[in-house]
Each structure stands twice: as C-alpha cells, then as structure tokens.
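Visitor: Below, each chain spelled out in residue letters.
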Amino acid sequence: MTSITTAPQLADAFAAAGGGERFDRVIRLAQAIFGTPIAALNLVGEDEQHTIAAVGMRTGDRPVEESICQYTVQQAGLMEVPDLRADERFADNPIVAGGPRLRFYAGVPLSGPSGRRVGALCILDLVPRELGPLEHKMLADLGAVVERELAIEAEMYRAGDVQRRLLPAAPPDVPGLEMAGLVRQAREAGGDFYDWQVIPGSPRGRRHDDPATAATHELVQVTLADVMGKGLPASLLASEMRAVLRTHSRYVPLDIAVARTSETTEASLTGNGAFVTLWTGRLDPIDGTLTYVDAGHGLAAIVSERGVRRLAQDHLPLGLPVLDEWKLGMDVLALDEMLVVVSDGVFNVFDDSLDRAMSALQRTAAWAETNRKSVAAVARSILDYADSHGASDDLTAVVVRRNATTA
Amino acid sequence: MELTEQEIGTCVTLAPVGKFNLVSAPPVKARIDALVAGGKVKIVVDLGGVDFIDSSGLGALIGGLKAARQHGGDVRIACAGEQVRAVLKLTNLDRILSPYPTVEEALHDW
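Chains as they are written, first to last, in the numbering used here: chain A, 1 to 407; chain B, 408 to 517.
Hints were generated in silico from the structure; no laboratory data involved. Built from N, CA and C at the ideal position, the CB exists for glycine as well. Some clues are possibly wrong.
To be verified - From the derived model, a few chain A residues whose C-beta atoms are all more than 10 Å from chain B:
(1) Gly18
(2) Gly19
(3) Arg58
As the list claims (entries may be wrong) - Derived SDA-like pairs (lysine to any residue); straight-line CA-CA distance at most 20 Å:
(4) B:Lys436 - A:Ser268
(5) B:Lys436 - A:Thr270
(6) A:Lys327 - B:Ile503
(7) B:Lys496 - A:Asp355
(8) B:Lys436 - B:Gln413
(9) B:Lys496 - A:Ser268
(10) B:Lys496 - A:Thr265
(11) B:Lys496 - A:Ala32
(12) B:Lys436 - B:Asp501
(13) B:Lys426 - A:Arg260
(14) B:Lys473 - B:Ala441
(15) B:Lys473 - A:Thr265
(16) B:Lys447 - B:Ile415
(17) B:Lys496 - A:Leu323
(18) A:Lys327 - A:Thr291
What the hints assert, rightly or not - Sample of chain B residues at the chain A side, in silico, Cβ under 10 Å:
(19) Arg438
(20) Leu465
(21) Lys496
(22) Thr498
(23) Leu500
(24) Arg502
(25) Ile503
Work the whole structure out from these sequences, hints included.
Guide: As structure tokens, then:
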C-alpha cells in the first residue's frame with residue numbers, strides 16, 4: 001500500500017484484500033435495523049465500485065459511473081436520497097431505471113487512514129422513504145464500526161509490509177554460492193524470518209582488517225528463526241531477534257553471537273512468555289566448511305540425491321527459563337550438496353515425522369539435480385508442497401548451494 | 408478447548424483436550440498462572456487428550472513451568488502422544504519438560 005496516494009487507489013487496495021465476516025456482520029445489522037431489502041458496503045475505486053459485503057444484492061464490481069456511492073464519498077456526512085427517481089443524477093441509473101427499480105438511498109461515507117473517503121455503507125429500498133434524526137445517527141455509528149475495521153486492516157497490512165521489507169531483498173553476491181530464501185506468512189505478519197549476511201574474516205578468526213585475508217575470505221552467515229506464536233506479536237519479536245543477531249554476528253564468532261543474542265533479548269522474550277528456535281550457520285564459499293548453532297530448531301540439513309545429513313544439536317531454544325551453552329557444530333558442504341533450512345510450518349505437513357520430512361528432502365534434491373533446478377526453484381517447490389498439503393502455519397525455506405564453476 | 412482439573416493431594420492435574428494451539432493455549436497458561444498464584448505449584452499437565460501441539464502450546468507449557476519453578480514448584484507433562492513427543496524432541500524442549508508415561512508416574516515423588 002505504500003505507493004497508494006489517492007482515495008480510489010486505497011479503495012481498490014482494500015477491495016483486493018477482500019471482505020469478510022467482520023464486514024458481513026455490520027451489513028446484516030444495518031439491514032435488520034433499517035428494515036430495508038438491501039444493505040451494502042461499497043468501495044469506490046478508480047474505475048470500479050467494489051461491493052465487498054451485501055445483503056439483498058450480489059457482491060462484486062460495477063463501473064464507477066453507475067455508482068451512487070461515488071457522490072457520497074464526495075461529502076463529509078451522510079447522503080440521503082428520499083426518491084432516486086426524482087433526482088436527476090440517479091433517475092437514469094440502471095438500478096433505478098431498470099433492474100430492481102430502487103427508489104431510496106442513504107449512505108454514510110467511510111474514511112480510511114488519514115481521512116481519505118474510500119467508500120460508503122449504504123441502505124437501499126424499493127419505496128421512497130425518509131430517515132429520522134435517530135436513524136441518521138445509527139447509520140453513522142455503523143459506518144464508524146466499519147471504519148474501525150478498515151483501519152485495523154490497513155494497519156495489519158502495513159505491519160506485514162514492513163516485515164517483508166525487513167527480509168533480505170536479494171542474496172548477497174558471493175562468488176561460489178547460490179542462495180535463495182522464501183517466506184509465506186499465514187497471516188499479514190508472522191514470527192518466521194530468515195537472514196543472511198557476509199561476515200568478513202577467515203574461519204580462523206582473522207579479521208577483515210587483516211591484509212592477508214582482506215576481501216578474499218568472506219564467510220556467509222545464513223539464519224532461519226521462528227518466534228513462538230503467530231501474527232503481529234510474533235513479528236515484533238522476530239524484528240528484534242533479527243537485528244540483535246545481525247549486530248552481534250558482525251563482530252564475534254557464531255557461538256558467541258548466539259549467546260550474546262540470548263542475553264540481549266532475554267528480557268523481551270521472557271517478558272512476553274515467548275521463545276525462539278534458531279538455526280544459524282557460517283559457510284566458507286571456497287572450501288565448503290560450515291560451522292553452525294542449532295538452538296532447538298532441528299530443521300536444517302545437507303541434502304543431495306545420495307542422502308541427507310541433519311545439522312541438529314541438543315541445544316535449547318532462546319528465551320527459556322534455563323539458559324543453555326550454545327556450542328558450534330561443524331560439517332562440510334560438498335559441491336553437489338545443498339544446505340536446506342525450513343521452518344516448523346513445513347515440518348507439520350509431514351505429520352511432524354523427521355523420517356518422512358528427510359526422505360522428501362532427498363527426493364527434492366534428486367529432482368533438482370536431474371532437472372538442473374535453481375536454488376530459488378527448490379525453495380519454491382518446498383513451500384508449494386507444504387501449501388498444497390494443508391499447511392496452516394508460517395512457511396519459510398532457505399536453500400544454499402556451492403557453485404563449482406565460479407568457486 | 409475442554410480443560411478438566413483435578414486436585415490430588417498438594418498437586419493439581421490439568422487435562423486439555425483437542426488441539427493445543429494459539430487459540431487454546433492462553434486459557435491453559437492463565438489457569439496455570441492462577442494455580443501458582445493460589446499456592447498450587449505442583450502441576451501435572453495430562454496431554455493424553457491432545458492430538459496436536461504447536462509452538463503456542465509449547466509456549467504455554469514453558470511459561471507455566473517458569474512461573475511454577477519461580478515459586479518452588481514445577482510443571483510436568485504426562486501421556487504425551489506421538490506428535491507432542493516429536494515436537495518436544497525436535498526443539499529439545501524435552502530436556503526441561505521431560506514427558507512422563509502416566510499421570511501416576513509424574514506424581515510419584517510429589
């Protein structure tokens with residue numbers, strides 16, 4: 001929604017997000033209170049009016065030229081037309097001159113965030129009538145309820161949008177590595193995130209300011225974490241986890257970065273009764289050396305058509321009443337192998353069976369190898385599989401492969 | 408979600424039934440907190456009726472465990488089914504929340 005500037009564009013965006021029970025409920029109330037055959041929630045877009053909730057008429061789109069509500073959104077308060085046939089603006093309207101031959105209209109304009117009027121809550125009748133002052137007040141009150149729902153929707157959408165922008169836009173360009181990451185949140189925002197960053201320095205701890213290794217020996221750190229719970233609360237904590245881990249990772253070895261992240265975020269996590277499972281690893285693109293910490297995540301593996309090696313440790317997640325000592329694990333990623341890390345939402349569709357999940361990964365690796373699929377295609381196929389097998393949680397996958405030709 | 412409660416001596420057993428997730432976890436966590444606040448700090452959660460647990464369910468158990476331990480008690484779990492045990496094992500949470508086969512065994516030294 002960030003590129004949206006006009007009220008009609010905002011209306012189109014709301015309409016694209018769809019209606020829902022929360023709007024239907026208000027429309028049913030309006031229809032019952034006023035005893036009209038028709039009540040509707042219309043959003044006035046650039047070219048079309050979108051009816052996203054209605055009683056007595058179909059939801060859907062009609063050309064904005066035929067919209068009665070397009071006049072309602074031009075005024076600050078309620079618009080009432082006691083007899084549509086007697087008003088020259090509407091006498092020739094298809095739903096007045098033909099169709100249901102409507103006679104009466106009353107609509108209250110609905111403001112979106114920042115006060116732009118995006119549509120109207122309206123009632124329509126087959127006979128001319130006039131509302132009393134009390135009825136005007138009630139229609140305005142119902143409109144305020146809808147406005148509140150629209151505001152919540154816009155806020156959630158923006159939160160999700162911000163979270164999507166916090167994810168890495170594109171993998172770092174590191175010679176010798178192909179990387180792809182993908183998240184599908186079950187709601188507008190969620191507790192899964194992945195990240196990657198280039199860590200200057202050699203595996204032996206020499207820093208980037210050491211001229212012997214400068215610019216020649218970068219490591220790539222790949223992270224996938226899952227904050228307990230779902231939705232906006234989880235996404236707030238996910239943002240903090242990501243920032244804190246990134247900051248520490250820049251300067252210290254991986255195991256220390258995880259321990260410091262745990263210390264730094266302890267108050268936020270325990271204060272919110274939340275914990276975080278985390279897998280993070282540093283890969284040397286030149287020789288494939290991989291050091292990692294698995295903090296209760298358990299869903300990272302090195303896969304090829306030859307087999308699967310889980311990169312799992314016995315460590316606890318972050319944010320528990322008992323603090324753990326996170327130690328480094330080590331492996332080597334061979335040239336024909338892939339590093340795959342997924343979230344538990346993917347794991348769920350295998351009925352939480354590690355055997356089934358790991359053999360599915362091996363099949364994916366064989367498919368990727370045979371068909372020369374990109375790491376992005378592998379990540380997509382993993383999430384597509386989970387989507388089509390009833391996944392209900394946030395889904396995340398990160399796939400990394402070394403590339404022989406440029407290494 | 409159905410939640411049955413039973414007092415056995417100084418201990419309390421809680422038995423949630425169905426899916427233990429974002430929707431059903433908060434009432435269980437709230438009940439554990441209320442028990443702990445009322446001085447009942449030895450709590451066994453009977454998971455025999457739970458066919459699915461997610462991270463929110465785990466969070467409720469961990470949060471309850473933390474509250475109980477701060478007051479000198481503990482939360483123990485019993486009768487965990489296959490999916491519950493798989494998730495506990497995957498996250499290594501079985502290290503601090505080890506499943507007892509039966510409620511009786513969970514209560515044995517309380």
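Visitor: Does each hint hold? Answer for all of them.
Guide: We went through each hint and held it up to the structure:
Separation of glycine 18 of chain A from chain B is adequate, the least Cβ-Cβ distance of about 22 Å exceeding the 10 Å criterion. With a closest Cβ-Cβ approach of about 23 Å to chain B, glycine 19 of chain A is found to remain outside the 10 Å limit, as its non-interface label requires. For arginine 58 of chain A, the non-interface assignment is confirmed: its Cβ lies about 33 Å from the closest Cβ of chain B, beyond the 10 Å cut-off. For the hint linking lysine 436 of chain B to serine 268 of chain A, the alpha-carbon distance of about 18 Å falls within 20 Å, and the restraint holds.
Between lysine 436 of chain B and threonine 270 of chain A the CA atoms are separated by roughly 14 Å; this keeps the pair inside 20 Å, and the hint holds. Using a Cα cut-off of 20 Å, the hinted pair lysine 327 of chain A and isoleucine 503 of chain B holds, with the two alpha carbons roughly 18 Å apart. Proximity of lysine 496 of chain B to aspartate 355 of chain A is assessed by CA-CA distance (about 14 Å); at most 20 Å being required, the pair is judged to hold. A distance of roughly 16 Å separates the Cα atoms of lysine 436 of chain B and glutamine 413 of chain B; the hinted pair therefore holds under the 20 Å criterion.
Between the alpha carbons of lysine 496 of chain B and serine 268 of chain A the distance comes to roughly 25 Å, so the proposed pair goes past 20 Å and is violated. The straight-line distance between the Cα atoms of lysine 496 of chain B and threonine 265 of chain A is roughly 24 Å, outside the 20 Å bound, and the hint therefore fails. Under the criterion of a C-alpha separation no larger than 20 Å, the hint pairing lysine 496 of chain B with alanine 32 of chain A is inconsistent with the structure, at around 54 Å. Only pairs whose Cα atoms come within 20 Å are accepted, and lysine 436 of chain B paired with aspartate 501 of chain B is accepted, the gap being roughly 18 Å.
As the CA atoms of lysine 426 of chain B and arginine 260 of chain A are separated by approximately 35 Å, the hinted pair breaks the 20 Å bound. A hinted pair counts as satisfied when its Cα atoms are at most 20 Å apart, and lysine 473 of chain B with alanine 441 of chain B qualifies at roughly 13 Å. The hinted pair formed by lysine 473 of chain B and threonine 265 of chain A meets the criterion: a straight-line CA distance of about 17 Å does not exceed 20 Å. The hinted pair formed by lysine 447 of chain B and isoleucine 415 of chain B meets the criterion: a straight-line CA distance of about 11 Å does not exceed 20 Å.
A distance of roughly 18 Å separates the Cα atoms of lysine 496 of chain B and leucine 323 of chain A; the hinted pair therefore holds under the 20 Å criterion. Between the alpha carbons of lysine 327 of chain A and threonine 291 of chain A the distance comes to roughly 10 Å, so the proposed pair stays at or under 20 Å and holds. The restraint placing arginine 438 of chain B at the interface with chain A is violated, with a minimum CB-CB distance near 14 Å, outside the 10 Å limit. Satisfaction of the interface hint for leucine 465 of chain B is found here, the shortest Cβ-Cβ separation to chain A being roughly 7 Å, below the 10 Å cut-off.
The beta carbon of lysine 496 of chain B is positioned within 10 Å of a beta carbon in chain A (closest approach about 8 Å), and the interface hint is therefore held. The closest approach between the C-beta of threonine 498 of chain B and any C-beta of chain A is roughly 4 Å, which is under the 10 Å cut-off, so the hint is satisfied. At about 7 Å, the closest approach between the beta carbon of leucine 500 of chain B and any beta carbon in chain A falls short of 10 Å, and the interface hint on this residue holds. The restraint placing arginine 502 of chain B at the interface with chain A holds, with a minimum CB-CB distance near 6 Å, inside the 10 Å limit.
Because the beta carbon of isoleucine 503 of chain B sits about 5 Å from the nearest beta carbon in chain A, less than 10 Å, this interface hint is met.
When the structure is compared with the earlier hints, violations turn up for hints 9, 10, 11, 13 and 19 and for no others.
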